[in-house]
Amino acid sequence: MATYGGRFDVAVIGGGIVGLYSALDLTLRGFKVVLLERGAIGSGTSGRMHGFLHSGARYAVRDPNAAIECALESKIVSEVAPHAVENTGGYFVAVERGDEDYLDEFLKGLRDTGIPHRLVDPGEALEEEPNLSRSLRAVVEVPDMVVRAIDVLGSIALSAYIEGARILENAEVVGFKIAGGSIEEISVRDKISRSLRSVRAELVVNASGPWAGKVASMAGADIEIMPTAGSMIVIPARLSRRIINRLRPPSDGDIVVPYAGSSIVGTTARVVEDPDQVEPDEEEIELLLEEGSKMLPMIRRIGYTRVYYSIRPLLRAEGEMAGREATRDFKIYRHGEPRNMISVVGGKFTTGRLVAEKVSDEVSKALGSSKASRTRGYRLRQASEEDLADIDPQLKALAMDMCDKRLLDYERLCSALYRVIAHHISLMSRKDLGWIL
Amino acid sequence: MRRISGEILSQHRSEDLLGLLKTPSRFARCIPGVISYENLDDKSIRVRARLDISDAGIPEMSSITSTLTITLASIEGNMARYRISGRAAGSSYEADLTIRIEPLDNGSMVTWQADISLGKLLEILDRFVGVEEIAKRIASLAVKGVEKCLKT
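For the record, the sequence lines run as chains R and P. Reading the first sequence from the start, the letters are residues 1 to 437 in our numbering. Reading the second sequence from the start, the letters are residues 1 to 152 in our numbering.
Some hints could be false.
In silico DSSO-like links for lysine-lysine, alpha-carbon gap of 27 angstroms or less [unchecked claim]:
| hint | chain 1 | residue 1 | chain 2 | residue 2 |
| --- | --- | --- | --- | --- |
| 1 | R | Lys214 | P | Lys120 |
| 2 | R | Lys32 | R | Lys371 |
| 3 | R | Lys75 | R | Lys431 |
| 4 | P | Lys148 | R | Lys108 |
| 5 | R | Lys108 | P | Lys144 |
| 6 | P | Lys120 | P | Lys22 |
| 7 | P | Lys148 | P | Lys43 |
| 8 | R | Lys405 | R | Lys177 |
| 9 | R | Lys371 | R | Lys75 |
Residues from chain P that face chain R, not an exhaustive set, calculated with beta carbons under 8 angstroms [said to hold, decoys possible]:
| hint | residue |
| --- | --- |
| 10 | Thr23 |
| 11 | Cys30 |
| 12 | Arg50 |
| 13 | Ser62 |
| 14 | Ile64 |
| 15 | Thr65 |
| 16 | Thr67 |
| 17 | Thr69 |
| 18 | Leu72 |
| 19 | Ser92 |
| 20 | Ala95 |
| 21 | Leu97 |
| 22 | Leu122 |
| 23 | Ile124 |
| 24 | Val129 |
Here are the computed distance ranges between Cβ atoms for each label pair [to be verified]:
| hint | chain 1 | residue 1 | chain 2 | residue 2 | range |
| --- | --- | --- | --- | --- | --- |
| 25 | P | Gly130 | R | Ser384 | 47 to 53 angstroms |
| 26 | P | Glu123 | R | Glu279 | 39 to 45 angstroms |
| 27 | P | Gly19 | R | Glu286 | 33 to 39 angstroms |
| 28 | R | Ser384 | P | Glu132 | 42 to 48 angstroms |
| 29 | P | Ser36 | R | Asp222 | 24 to 30 angstroms |
| 30 | R | Lys75 | P | Thr111 | 34 to 40 angstroms |
| 31 | P | Ser92 | R | Glu96 | 56 to 62 angstroms |
| 32 | R | Glu279 | P | Gly130 | 23 to 29 angstroms |
Hints are computed from structural coordinates only; laboratory data are not their basis. Positions of the beta carbon are idealized from the N, C-alpha and C atoms, including for glycine.
I would like the entire structure built from these sequences, with the hints used as guidance.
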């Protein structure tokens with residue numbers, strides 16, 4: 001095992017999909033990488049998504065490039081993390097008169113972007129999904145899928161660790177020591193030992209999502225971000241086999257994702273001042289119940305058990321933008337000062353791997369490497385005996401206990417194990433850094 | 001407080017347009033994006049509408065739902081004044097809308113002016129997405145909706 005007391009090539013800030021995949025990508029390119037996450041892996045935006053692995057259909061009309069990328073990336077995710085993906089398929093349903101006005105435009109968008117689809121007879125759709133509204137007017141089937149975010153994030157963290165990255169949870173960046181226009185040292189609050197630590201790296205990747213503006217400002221850089229909260233309500237019953245989308249231009253309350261034994265109804269857009277201070281909004285909850293029950297009337301009857309939020313960033317930044325924008329919703333910034341920091345903001349969970357690939361290309365270029373990304377075909381490690389055998393005997397024993405397909409609660413236990421794995425590799429990373437004995 | 005304004009040519013007669021503006025519920029029925037409305041009294045309605053925010057760059061969302069109250073404050077001669085208050089994206093807004101209709105040989109000229117007051121969060125949002133542009137687009141769509149309504 002290498003020693004990690006010295007300087008890293010890259011320090012990644014943020015343990016969401018982009019930060020983790022950047023850590024894995026850069027490690028596979030041969031860089032010595034540390035990832036710093038202020039809370040738990042996936043505790044920011046990525047672990048609070050709705051579980052929707054986009055086929056691209058949702059973007060086919062308004063953003064064809066994003067649609068094509070979603071189509072490619074969702075296929076990649078299902079191939080590299082098959083243990084975390086449920087191939088449910090999806091329906092777009094017209095349930096009100098105005099919805100049908102969008103049908104022709106939607107079908108054209110799907111044809112133009114090459115997203116497989118099928119016009120389904122409403123009667124057939126009702127046989128397949130009996131909880132759908134009886135007011136069905138038109139139905140289009142698309143290859144949407146459901147993804148278990150924590151399982152994917154845990155798998156990426158595990159893979160990155162096995163490949164040599166060090167992944168630290170509860171390690172909050174609180175400042176930077178800057179000298180000669182570059183970050184010389186990162187100040188980190190170790191929430192476990194309640195002490196202040198320092199990390200040194202040639203290059204810093206700021207992948208902290210809606211918090212990227214705060215992190216950048218600590219280094220004297222400017223990324224102005226407007227956090228917007230999207231609310232989701234959890235219905236304690238799985239009301240459909242497929243993901244149900246409302247057939248209309250993307251709006252609030254138009255998706256219902258079957259997630260294990262629940263249904264997730266989302267989402268909304270509410271401007272918030274501070275991503276750490278989001279309060280429930282009764283009007284939004286009522287809107288989600290109303291819109292969701294237009295597609296699946298049982299939603300109103302059953303009601304919801306809880307509400308949760310995911311924070312997305314709206315962007316505006318000064319300075320030069322680096323790299324290609326894979327979609328309109330993410331940006332990579334190569335800061336003028338500090339010179340050795342790259343920030344990335346935005347993106348979707350579905351395209352997180354691709355965003356990280358672009359970030360890693362920028363980092364490689366900055367560090368003088370021409371090695372290409374390997375994550376596209378890299379099968380992520382799982383919470384399995386085999387993948388955990390070389391890391392730690394306790395983890396291996398846990399995997400044997402918890403991820404046992406003969407157990408009633410196999411799926412839930414296995415998902416929980418990914419959290420345990422992330423916590424465990426964080427502890428091991430702390431040891432490697434000499435933060436604990 | 002900010003003022004935005006615009007003018008749009010209508011092929012309809014000024015008295016037809018003014019007739020529509022006298023009754024908020026008739027007016028509301030014509031505005032694209034209105035999901036539902038309820039009459040509060042003969043001059044006020046509460047409307048739930050979907051506002052087009054596709055320029056905001058939120059890929060998951062090209063429109064958001066807003067609840068607003070529209071009150072006819074006055075209608076005199078060729079001019080109607082409305083008071084609008086509502087909430088969108090978690091923040092409040094208010095507007096005083098004045099619509100003036102001038103008869104032309106082959107229709108009418110609709111001139112509108114809105115004094116808008118945005119809540120704190122929408123003011124911040126405005127730096128990112130151009131709330132003024134969104135308001136102008138909504139106004140233009142509303143007049144087109146009225147045109148379509150009068151045709152049928």
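Hints versus structure:
1. R/Lys214 <-> P/Lys120: holds, 20 angstroms
2. R/Lys32 <-> R/Lys371: holds, 14 angstroms
3. R/Lys75 <-> R/Lys431: violated, 37 angstroms
4. P/Lys148 <-> R/Lys108: The given pair, whose Cα atoms are some 26 angstroms apart, holds under the 27 angstroms limit.
5. R/Lys108 <-> P/Lys144: holds, 25 angstroms
6. P/Lys120 <-> P/Lys22: Violated: P/Lys120 and P/Lys22 sit about 32 angstroms apart, past 27 angstroms.
7. P/Lys148 <-> P/Lys43: holds, 23 angstroms
8. R/Lys405 <-> R/Lys177: violated, 50 angstroms
9. R/Lys371 <-> R/Lys75: This hinted pair holds, its Cα atoms lying about 24 angstroms apart.
10. Thr23: With Cβ-Cβ at 23 angstroms, over 8 angstroms, it is violated.
11. Cys30: Violated, because the Cβ-Cβ distance from P/Cys30 to chain R comes to roughly 14 angstroms (cut-off 8 angstroms).
12. Arg50: holds, 6 angstroms
13. Ser62: holds, 5 angstroms
14. Ile64: holds, 5 angstroms
15. Thr65: holds, 5 angstroms
16. Thr67: holds, 7 angstroms
17. Thr69: violated, 14 angstroms
18. Leu72: It is violated, given that the least Cβ distance between P/Leu72 and chain R is near 25 angstroms, above 8 angstroms.
19. Ser92: violated, 11 angstroms
20. Ala95: violated, 18 angstroms
21. Leu97: violated, 23 angstroms
22. Leu122: Given a least distance of 7 angstroms, the restraint on P/Leu122 holds.
23. Ile124: holds, 6 angstroms
24. Val129: holds, 7 angstroms
25. P/Gly130 <-> R/Ser384: 47 to 53 angstroms: holds, 50 angstroms
26. P/Glu123 <-> R/Glu279: 39 to 45 angstroms: violated, 19 angstroms
27. P/Gly19 <-> R/Glu286: 33 to 39 angstroms: Taking Cβ atoms as reference, P/Gly19 and R/Glu286 lie about 35 angstroms apart, which means the hint holds.
28. R/Ser384 <-> P/Glu132: 42 to 48 angstroms: violated, 55 angstroms
29. P/Ser36 <-> R/Asp222: 24 to 30 angstroms: violated, 43 angstroms
30. R/Lys75 <-> P/Thr111: 34 to 40 angstroms: Distance hint for R/Lys75, P/Thr111 is violated at roughly 53 angstroms.
31. P/Ser92 <-> R/Glu96: 56 to 62 angstroms: violated, 28 angstroms
32. R/Glu279 <-> P/Gly130: 23 to 29 angstroms: holds, 27 angstroms
Hint compliance for this structure: hints 3, 6, 8, 10, 11, 17, 18, 19, 20, 21, 26, 28, 29, 30, 31 are not met, and every other hint is.
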